[in-house]
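Visitor: Build the full structure now, drawing on both the sequences and the hints.
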Amino acid sequence: MTVDVHTHLVPHGWPDLAAACGGGGWPWLRIDSERAAMIMIGQTEFRPIGPQAWDRGVRRADMDADGIDLQVVSPTPVFFSYDRPAGQAVKLAEIFNDLTLQTLAGDPRFVPFCQVPLQDPDLACAELDRCRANGHVGVEIGNHVGDKDLDDAGIVAFLKHCAETGTPVLVHPWDMPGGPRLDRWMARWLTGMPAETHLSLLAMILGGAFDRLPPYLKICFAHGGGSFAFWLGRLENAWHRRGDVVRGCSEHPPSTYLDRILVDTVVFESAPLRLLVDTLGEDRVLVGSDYPYPLGERPVGEVVRKSGFLTAEQQHKLLTANALHFLGIEHSLGRSV
1 MTVDVHTHLV
11 PHGWPDLAAA
21 CGGGGWPWLR
31 IDSERAAMIM
41 IGQTEFRPIG
51 PQAWDRGVRR
61 ADMDADGIDL
71 QVVSPTPVFF
81 SYDRPAGQAV
91 KLAEIFNDLT
101 LQTLAGDPRF
111 VPFCQVPLQD
121 PDLACAELDR
131 CRANGHVGVE
141 IGNHVGDKDL
151 DDAGIVAFLK
161 HCAETGTPVL
171 VHPWDMPGGP
181 RLDRWMARWL
191 TGMPAETHLS
201 LLAMILGGAF
211 DRLPPYLKIC
221 FAHGGGSFAF
231 WLGRLENAWH
241 RRGDVVRGCS
251 EHPPSTYLDR
261 ILVDTVVFES
271 APLRLLVDTL
281 GEDRVLVGSD
291 YPYPLGERPV
301 GEVVRKSGFL
311 TAEQQHKLLT
321 ANALHFLGIE
331 HSLGRSV
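Using the numbering used here, the first residue of the sequence shown is number 1, and each one after it goes up by one.
Since the hints were made in silico from the structure, they are not lab data. Mixed in with the good hints there might be a few duds.
Below, in silico cross-link-like pairs of lysine-lysine (DSS-like), each with a Cα-Cα straight-line distance of 30 Å or less [to be verified]:
1) Lys-218 x Lys-91
2) Lys-218 x Lys-306
3) Lys-160 x Lys-91
4) Lys-160 x Lys-218
5) Lys-160 x Lys-148
6) Lys-148 x Lys-218
7) Lys-91 x Lys-148
Guide: Dropping the structure here:
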């Protein structure tokens, strides 16, 4: 069995969000043909998508081609709506979470993750509980809410609720900074996503979030944890040498928290995968792909299967066992896949 913990979905249409949620300027879907659509933000084209984003049959065929048995399906971050009033954001979350379950239709090969209005911890917890009761297994969150990082008290309260309910959390970068230097070559995706994910891990450590959260929180950071593994030595050095600035609320050196961190394998090459395994350990790395988007990995899991340095047991952990533990479904695999 091989599990992909990082994929996205876009429903094939949704209600008029201005009427359903209030406000204006919501994303909408321009249908160009039976097999092509465009996510629109106002009159601006955001991202082209195809049936892989909404068609279970197409997704299953691609999974079969890549040897993937289970696929975690999360929202596309453009729909998080953390910049909206919380009352509007929770209505949108309800719509998209319900559409996700309708799209997946209880297919046992898909593991649905919901979205929540993270700007309001109480509403976020309530929507998570509603979604868990309806069939969602986990939650995907963005790496920040405006100027609030993951060490914000409200976000920590939500993560504590996730820990207490056994809900796995996938942290995904979103809303990267723009500007003339970053709006070329997809630079916001090529540099901003790794930087944003790195920053979210710094907040969890230096902001003391891990110190305030139970050790059994299951939290995975997308895109290999960004640049965190490469710069861990720099972070460790700063913690020891500039404690007046860096230590902040962190009770222990950064390297102490490595067993609290999970990352996916969306790094594409053997060398960075080796760095992740060497830095975090073979139990902390899970296969992810970013399917169905073009900057994802296809065939899914190739970086693990062709790594050249992993033993058979280590490959099994990265392809299967680590993900099943993260999802909490080791003991529920009697279902057909």
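Visitor: Of the numbered hints stated previously, which ones are contradicted by the structure, given in increasing order?
Guide: Of the numbered hints, all hold.
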